[in-house]
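6 protein chains.
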Amino acid sequence: MKVVTFGEIMLRLKTPENLRIMQSDGFEASYGGAEANVAVSLAMYEDQCAFVSKVPNNPVGMSALSEVRHYGVNTEYMLRGGDRLGIYFFEKGSDIRSTNVVYDRAFSAFSLSQPSEYHWENILEPGDVFYFSGVTPAVSKYVEDTVRSALKYCKENDIQVICDLNYRGKMWSKEQAQVVMRDLMQYVDVCIANDEDFEATLGIHAFDGNLSTGIDQIDTYKEGMLEITRQFPNVKSVTSVLRNMHTVEEGDWMGIYYVDGKFYQSPIHRVHSLEAVGAGDAYGAAFVHGLINGFEPQKTVDFAISASVLKLMIQHDFNVVTQEDVFKIMNSKNTNLSR
Amino acid sequence: MKVVTFGEIMLRLKTPENLRIMQSDGFEASYGGAEANVAVSLAMYEDQCAFVSKVPNNPVGMSALSEVRHYGVNTEYMLRGGDRLGIYFFEKGSDIRSTNVVYDRAFSAFSLSQPSEYHWENILEPGDVFYFSGVTPAVSKYVEDTVRSALKYCKENDIQVICDLNYRGKMWSKEQAQVVMRDLMQYVDVCIANDEDFEATLGIHAFDGNLSTGIDQIDTYKEGMLEITRQFPNVKSVTSVLRNMHTVEEGDWMGIYYVDGKFYQSPIHRVHSLEAVGAGDAYGAAFVHGLINGFEPQKTVDFAISASVLKLMIQHDFNVVTQEDVFKIMNSKNTNLSR
Amino acid sequence: MKVVTFGEIMLRLKTPENLRIMQSDGFEASYGGAEANVAVSLAMYEDQCAFVSKVPNNPVGMSALSEVRHYGVNTEYMLRGGDRLGIYFFEKGSDIRSTNVVYDRAFSAFSLSQPSEYHWENILEPGDVFYFSGVTPAVSKYVEDTVRSALKYCKENDIQVICDLNYRGKMWSKEQAQVVMRDLMQYVDVCIANDEDFEATLGIHAFDGNLSTGIDQIDTYKEGMLEITRQFPNVKSVTSVLRNMHTVEEGDWMGIYYVDGKFYQSPIHRVHSLEAVGAGDAYGAAFVHGLINGFEPQKTVDFAISASVLKLMIQHDFNVVTQEDVFKIMNSKNTNLSR
Amino acid sequence: MKVVTFGEIMLRLKTPENLRIMQSDGFEASYGGAEANVAVSLAMYEDQCAFVSKVPNNPVGMSALSEVRHYGVNTEYMLRGGDRLGIYFFEKGSDIRSTNVVYDRAFSAFSLSQPSEYHWENILEPGDVFYFSGVTPAVSKYVEDTVRSALKYCKENDIQVICDLNYRGKMWSKEQAQVVMRDLMQYVDVCIANDEDFEATLGIHAFDGNLSTGIDQIDTYKEGMLEITRQFPNVKSVTSVLRNMHTVEEGDWMGIYYVDGKFYQSPIHRVHSLEAVGAGDAYGAAFVHGLINGFEPQKTVDFAISASVLKLMIQHDFNVVTQEDVFKIMNSKNTNLSR
Amino acid sequence: MKVVTFGEIMLRLKTPENLRIMQSDGFEASYGGAEANVAVSLAMYEDQCAFVSKVPNNPVGMSALSEVRHYGVNTEYMLRGGDRLGIYFFEKGSDIRSTNVVYDRAFSAFSLSQPSEYHWENILEPGDVFYFSGVTPAVSKYVEDTVRSALKYCKENDIQVICDLNYRGKMWSKEQAQVVMRDLMQYVDVCIANDEDFEATLGIHAFDGNLSTGIDQIDTYKEGMLEITRQFPNVKSVTSVLRNMHTVEEGDWMGIYYVDGKFYQSPIHRVHSLEAVGAGDAYGAAFVHGLINGFEPQKTVDFAISASVLKLMIQHDFNVVTQEDVFKIMNSKNTNLSR
Amino acid sequence: MKVVTFGEIMLRLKTPENLRIMQSDGFEASYGGAEANVAVSLAMYEDQCAFVSKVPNNPVGMSALSEVRHYGVNTEYMLRGGDRLGIYFFEKGSDIRSTNVVYDRAFSAFSLSQPSEYHWENILEPGDVFYFSGVTPAVSKYVEDTVRSALKYCKENDIQVICDLNYRGKMWSKEQAQVVMRDLMQYVDVCIANDEDFEATLGIHAFDGNLSTGIDQIDTYKEGMLEITRQFPNVKSVTSVLRNMHTVEEGDWMGIYYVDGKFYQSPIHRVHSLEAVGAGDAYGAAFVHGLINGFEPQKTVDFAISASVLKLMIQHDFNVVTQEDVFKIMNSKNTNLSR
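Chains as they are written, first to last, in UniProt numbering: chain E, 1 to 339; chain R, 1 to 339; chain G, 1 to 339; chain P, 1 to 339; chain C, 1 to 339; chain V, 1 to 339.
Note that these hints are calculated values from the structure, not bench results. The reader is advised that the hints may include incorrect statements.
Heads up, the list lumps identical chains together, so a pair's fine if it works in one copy or across two of them.
[Unchecked claim] In silico DSSO-like pairs for lysine-lysine, Cα to Cα no more than 30 angstroms straight-line:
| # | residue 1 | residue 2 |
| --- | --- | --- |
| 1 | LYS333 | LYS170 |
| 2 | LYS174 | LYS333 |
| 3 | LYS141 | LYS333 |
| 4 | LYS333 | LYS236 |
| 5 | LYS262 | LYS141 |
Full structure from sequences and hints, please.
What follows is the structure, encoded as structure tokens:
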């Protein structure tokens with residue numbers, strides 16, 4: 001059994017330390033994207049995992065592929081071709097200065113890849129798990145169609161589908177997102193829904209609009225989670241990360257997991273992050289790890305939130321931590337932790 | 001209409017991260033100085049702005065000039081000649097370890113430049129704004145005389161004069177400073193006075209000597225500001241930054257602006273700084289930006305303090321932020337903010 | 001009088017030292033492009049110079065603009081807008097390993113800029129010089145049209161036009177290039193033609209196809225230069241760089257200048273280059289510098305080839321050298337020099 | 001009079017910033033080890049100091065020796081020979097992510113050095129001070145024997161012995177440590193005992209096992225200190241550092257010093273550390289500095305804890321600070337300080 | 001069909017540029033070893049390839065494994081365990097200053113790995129190719145025995161054996177090498193023998209001892225190659241690299257291949273190397289690539305020497321080039337090339 | 001017996017690679033100066049050696065002192081005080097682009113140090129060797145007087161004086177140099193005279209003015225050496241380095257040594273340098289090493305020139321090589337070597 005993730009991987013160009021782009025004469029180069037991040041996490045946990053995407057057959061594209069392979073992800077199903085790899089420029093903020101991302105991802109090889117290029121029957125086997133996030137169908141109409149055909153194949157072949165709604169306002173409007181994602185939701189077995197995702201992606205009201213006080217609004221979040229299972233009965237479980245954020249780095253983090261009619265809540269972790277990128281993907285990957293390894297629900301949500309806050313201490317997109325590393329956080333008696 | 005700033009620009013040699021000079025085999029090189037910093041800020045806000053100074057006509061001097069030009073400052077009035085550019089070595093502190101600066105600025109081209117080298121009649125036009133800080137006359141007797149001749153030219157030609165008192169104990173004694181600055185104050189229209197400046201530069205008592213508890217002493221500060229306008233009736237407005245500092249990085253910051261017989265206070269920002277250099281210059285520049293763009297007093301002081309605390313999150317001397325960046329801080333609902 | 005150059009500026013991402021992209025976790029970032037390079041050279045020689053282009057109004061685009069301004073180029077006519085700045089990845093070769101460039105310049109803000117966005121009547125004045133290279137019309141049909149409208153404006157307003165044919169096989173075919181460039185040539189006063197340019201851009205045969213032995217074929221080159229003046233009588237002078245190349249770094253370089261019915265040849269410089277990018281632009285800029293400063297033809301070609309080989313010792317795209325630096329090369333008694 | 005420290009010095013390979021080893025393509029190289037750290041601190045305070053150890057006579061070993069000499073330590077008694085220098089890899093943690101050290105120190109030149117190679121009669125003179133930590137005898141049986149022979153020499157020659165118990169669980173078990181250290185303790189005049197050292201090294205119970213709440217357990221610590229003097233009457237004084245730790249960086253630190261039947265306590269410093277390595281050695285060295293310079297007990301413990309928390313702000317193993325730097329901390333009115 | 005290589009991989013710590021270890025405060029970290037280098041080359045050529053070795057299950061060992069996987073090598077048969085990864089320090093020379101390597105590879109996990117840990121029946125299949133170099137049996141008696149058992153398994157299972165004799169004087173004496181290698185040679189089908197290998201490893205005289213004039217002694221080399229096939233009739237073909245070296249960087253390189261009773265010689269490449277490490281492994285890998293892809297003998301030796309000299313232009317141990325990159329060298333009309 | 005060198009040590013700020021200062025945002029920091037370089041070389045050869053100078057008692061000055069101590073030089077006689085350490089900025093050239101040095105050394109602590117600050121009676125003992133170069137008296141009149149008083153002390157106390165004439169045109173004119181140096185020469189026992197030194201420093205004609213063809217003019221050089229011994233009969237021996245230079249890096253180097261009425265010539269080394277700074281000091285130090293260790297004249301000059309060309313392969317000012325490293329060069333059969 002293996003987990004297959006499908007999405008875009010980009011070149012990330014980050015200025016050193018917290019320099020602004022206008023101040024810097026160099027960039028740290030790494031590679032990432034929601035589903036690539038999830039795949040690497042799973043490989044680090046020693047789960048079988050393949051990443052499906054398309055990268056150009058030039059040194060930049062091959063570097064993206066190689067970085068994923070570096071951490072043990074199976075890359076044999078990745079397509080090679082097209083013209084360019086998407087890029088994002090990254091200026092790390094600090095305290096009151098917010099992090100700044102400049103996207104340069106239009107016209108990427110992945111966004112122009114066609115549904116017919118992906119042979120799901122060769123990639124997926126019964127018993128596998130298929131993972132995608134809401135970023136993927138937002139990339140282009142072509143990719144949206146590819147997702148739909150993959151999901152149909154999953155439904156027909158006993159392949160569990162996990163979706164992290166993952167709304168990105170820079171990529172599409174709420175209206176566009178809802179049309180697409182509500183349609184795709186009918187194939188989803190497990191739903192990861194955070195922050196804005198409820199309203200932006202599904203039109204379900206879950207909080208008052210202030211992302212900085214998510215934990216304070218836990219009850220409305222829970223109601224939103226229940227509403228997902230009502231509107232999409234195929235969704236067997238829902239999980240969310242809730243946050244109270246104080247500065248760019250300071251925040252409280254917790255996870256909730258609704259399954260079999262019951263809510264499981266993790267402790268609240270107060271942390272000072274080193275880098276905020278990829279915490280959601282780290283949560284999703286760790287959650288999947290719990291699922292496929294038969295963790296109890298409470299352990300699953302505890303493990304997932306521990307992996308997520310640990311990612312805040314890891315540079316670059318990938319959560320380069322082992323299962324043992326996560327257990328150490330999960331079992332620590334950190335005084336900044338409360339339940 | 002343009003703002004003309006006049007002062008020294010230096011090469012700043014900072015060790016990487018927080019290394020001590022004795023540990024480091026390299027320096028990050030940047031350029032800065034109070035009035036150059038102000039000029040760059042204004043250029044970043046897209047105000048017309050020229051920087052007047054003197055740099056040696058060698059690669060080090062031309063780099064200083066180029067760095068200012070890089071951000072859009074007009075450098076056509078800068079003199080080229082003399083022997084050396086002033087230098088300061090910079091060891092960044094952390095928490096209880098204070099930042100350490102080693103000055104190596106004596107005998108710089110600027111300090112030896114003569115009043116006759118500056119042709120104010122070619123540089124300044126009626127309606128312009130002239131900006132200098134107390135650092136400039138402290139550089140040398142030559143430069144002090146140049147400042148005086150510039151101020152006289154301003155008085156005669158309808159050019160507004162803004163002075164940031166900016167006392168530097170490493171450059172001159174209080175006694176020396178008071179003799180010079182009290183004389184120059186008679187030409188000043190707008191005065192920026194912080195911390196030690198009241199007493200050291202003007203001999204006006206404004207706080208109990210503990211710089212770490214400025215905000216707690218707000219009333220005595222206000223009294224000092226009023227006293228400035230009493231002793232120097234030509235000063236139409238005064239503005240100050242008040243701070244409560246907890247560690248090298250942690251502090252509370254607020255601005256006060258006295259104009260037309262009324263005090264305007266900004267909210268208090270609690271911030272954890274990335275780099276402390278240039279926050280005062282960032283305040284002064286943003287304050288000037290408000291003045292010349294007709295901001296209301298409350299908006300002016302709010303904008304200025306927002307720019308100042310945002311500078312704490314920007315590396316090197318220059319506040320490389322746009323007006324929009326500052327507005328984002330000013331309008332944020334940051335939970336560390338109180339009024 | 002000023003020189004106006006028009007073309008694209010890109011972000012250049014170079015791996016450190018000679019690392020392959022697949023080996024590197026960072027890039028040195030600089031900015032360049034044929035006409036930006038020419039503009040910076042002229043500014044370094046203290047000639048009046050403006051660069052016209054379009055960059056996105058984001059930190060990446062503003063960095064490109066700022067880097068040109070850094071060296072003293074007038075950037076007030078640059079347009080700000082559009083989505084992305086073109087990029088090229090750069091792997092520096094060594095000896096037998098050729099340098100590798102990966103273009104990622106499609107869909108740039110410049111390539112999509114419209115002729116109507118450029119107001120040549122505000123930019124150009126009688127007596128100015130207009131400089132472009134064959135790269136510019138190759139960027140897109142829009143840009144080609146913009147070039148044509150600029151050239152027409154020049155013809156009507158006594159503005160000299162200098163064109164570096166600069167054929168780039170990765171951007172268009174010979175057939176496409178010839179259709180466009182032969183049309184534009186009717187507006188050109190001075191033509192810079194190197195290597196492949198004769199045949200690829202104008203369909204004029206000038207060498208046997210082996211770029212490594214250009215100097216050995218000097219006579220056929222001369223014939224090609226004459227042929228240009230025959231086919232385009234408006235072209236008053238032609239200049240070319242000839243090279244014998246031995247490895248990626250080792251080569252012999254010389255310049256020829258045909259004007260007023262006479263050929264002027266520079267000495268041959270044998271050099272071992274540090275970086276090959278921008279040597280042609282350095283030649284063009286130095287040649288223009290000679291023209292507008294009234295150098296004698298022999299001095300012009302000697303200066304131009306000296307600037308060109310000196311660029312081979314300067315990293316990044318821009319030829320950051322002064323007129324004095326070039327004179328030192330020109331007047332040296334280097335033993336690797338022969339006439 | 002001089003202080004002689006004896007122990008191992010290793011090459012420390014730290015990833016840049018907080019990168020994981022698997023993410024990094026380089027290491028910062030520095031050198032350190034408990035007794036080398038103490039020696040460097042003393043040299044920085046301008047005390048006479050020699051470091052005794054053995055390093056291989058290759059560039060790696062000579063670098064270790066040179067780094068110590070760099071700061072003014074006398075290295076004339078260091079042996080050169082053997083095969084390898086011990087190494088430790090260092091991944092700096094952050095907040096909830098703990099710092100990770102990978103030891104690669106087995107079979108080092110020092111660990112294989114024989115007692116007969118050290119000629120204590122040439123190194124030590126009456127009136128000197130001999131300093132070692134519990135790390136040294138843990139290195140190997142050979143080194144343990146060397147320590148014992150040095151201590152015997154000290155006893156016979158009026159040389160004061162100071163021992164920092166310094167238990168390292170990765171090097172030996174508690175059982176092994178107690179057998180060796182309880183034997184060596186009979187030669188010790190002054191004992192530095194922290195955290196685990198009481199129980200692990202001496203079998204004396206001093207706290208409840210939770211290292212994060214040392215200050216809260218000050219009374220049991222004091223009892224442990226008294227117990228040391230009871231069991232080892234030759235020990236004339238004992239000193240300890242107590243800590244309450246909140247995250248990897250945040251903690252409260254204090255020192256206690258028992259001498260002449262009386263306890264002296266430092267104020268409590270709340271600090272956010274930049275790097276945690278070597279704080280204990282910094283304490284030990286500063287404590288020794290106080291002893292040999294005749295500081296009063298209260299001043300000694302205040303100085304020692306100030307040096308220790310200042311080390312938390314200094315990168316690498318060595319506490320590169322002067323006596324004056326420590327006095328500044330000691331005399332500051334830092335608001336995070338309580339007594 | 002796949003190629004399986006077996007040997008040690010080490011951490012390589014190189015000072016930046018050409019710094020001496022005593023001058024440097026950091027190391028570039030990469031990973032390499034003869035058989036790992038061969039495996040990566042083959043993966044870059046898109047051949048199926050697995051690397052068999054043992055690395056410690058710590059971040060350093062996992063980085064070694066990941067770097068190999070990065071380039072597409074199958075690492076599923078690598079053992080994880082033991083204490084340390086071998087290290088070598090690398091100071092790059094220049095011109096007359098020779099490169100300096102400090103080995104720190106004793107007691108590595110690989111050297112202590114037992115024959116019983118390797119299950120060749122799970123790793124190797126009939127039709128595969130087994131590749132090892134003379135470095136591997138030199139590592140330890142354990143590893144020598146493992147090699148022997150692997151070779152026996154190959155002989156019994158129709159698996160071709162390729163051996164690069166690769167003598168390393170720092171690892172064993174000629175006498176030791178000859179005893180072991182002459183025994184192992186009876187299992188070898190294809191032999192790669194360079195420079196010292198003839199005499200040191202096999203006791204066959206092939207040159208006058210001056211490694212700097214190998215090409216000048218081509219006839220005695222050929223005689224040595226024939227002698228190998230005479231003494232070891234199982235060896236079906238022999239290939240060698242010959243060099244004339246002028247400085248650390250400058251040299252002439254050629255390959256010879258003896259097969260089916262005939263010698264094939266490559267052209268001579270005169271090159272100026274960027275880094276000398278791994279050129280022999282690059283030759284071996286490219287040679288194997290030719291063999292398993294059915295290249296004609298002349299094309300095989302031309303391809304192999306082209307790959308080898310191209311490696312001289314690639315930093316670190318791995319020859320990160322594609323088949324197409326090598327063909328470009330092979331087909332270039334480089335003027336420094338002679339036949 | 002020890003060698004005492006006396007002169008200035010400066011902070012050297014070099015741009016990375018070959019960047020121009022205007023292109024760079026950082027500097028590599030190292031420390032050097034003629035006599036410091038000589039001292040470090042001698043310490044690397046394990047000769048007893050002390051460096052006498054004055055550095056400011058700030059972190060920059062202490063770093064200079066520490067770097068010398070790092071390599072084993074005795075620094076106990078160095079004075080601490082004054083305001084600043086001299087600086088030189090260093091842009092490394094390449095091929096035809098010459099290296100560029102920007103001095104910023106005026107008003108250094110050393111240049112303002114007084115003769116009375118140096119207590120030669122505590123520093124020098126009979127049998128010692130005193131070494132200075134012509135740079136030292138050029139620093140200031142104060143320092144010139146200090147040199148003179150030291151030389152007088154040497155004459156009276158049986159201390160051999162070695163002087164490297166070392167003319168620096170940027171520091172004084174030929175006229176000034178000759179007045180001072182011809183006076184000091186009466187105390188000199190051994191004279192090192194290179195290139196321009198003959199004429200500029202002593203007014204003795206030794207070559208035709210073309211520094212690029214020194215070896216071709218060997219006979220006139222020899223005549224100049226003889227003339228020195230004629231004009232200054234106290235000078236017992238003279239040694240010179242002769243060079244034919246082809247590019248910034250390429251050159252032929254040889255040494256000549258005149259002693260006891262006989263000339264000894266080294267072989268000619270053709271080398272491609274990595275860095276040109278300090279080759280003369282490396283020659284001088286190695287020459288002194290030969291003298292004090294009783295090398296035969298031929299061995300002395302061979303050793304000295306080998307050390308000098310090896311320095312060309314070492315970055316920074318100090319020749320970080322051992323005696324064994326030099327012997328390797330001296331005894332190599334390098335094909336670029338001719339006698």
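So, going through the hints one by one against the coordinates:
no.	hint	result
1	LYS333 with LYS170	between (39 angstroms within a copy, 22 angstroms between copies)
2	LYS174 with LYS333	between (41 angstroms within a copy, 24 angstroms between copies)
3	LYS141 with LYS333	neither (48 angstroms within a copy, 37 angstroms between copies)
4	LYS333 with LYS236	neither (33 angstroms within a copy, 37 angstroms between copies)
5	LYS262 with LYS141	neither (37 angstroms within a copy, 59 angstroms between copies)
Against the hints set out earlier in the document, violations occur for numbers 3, 4 and 5.
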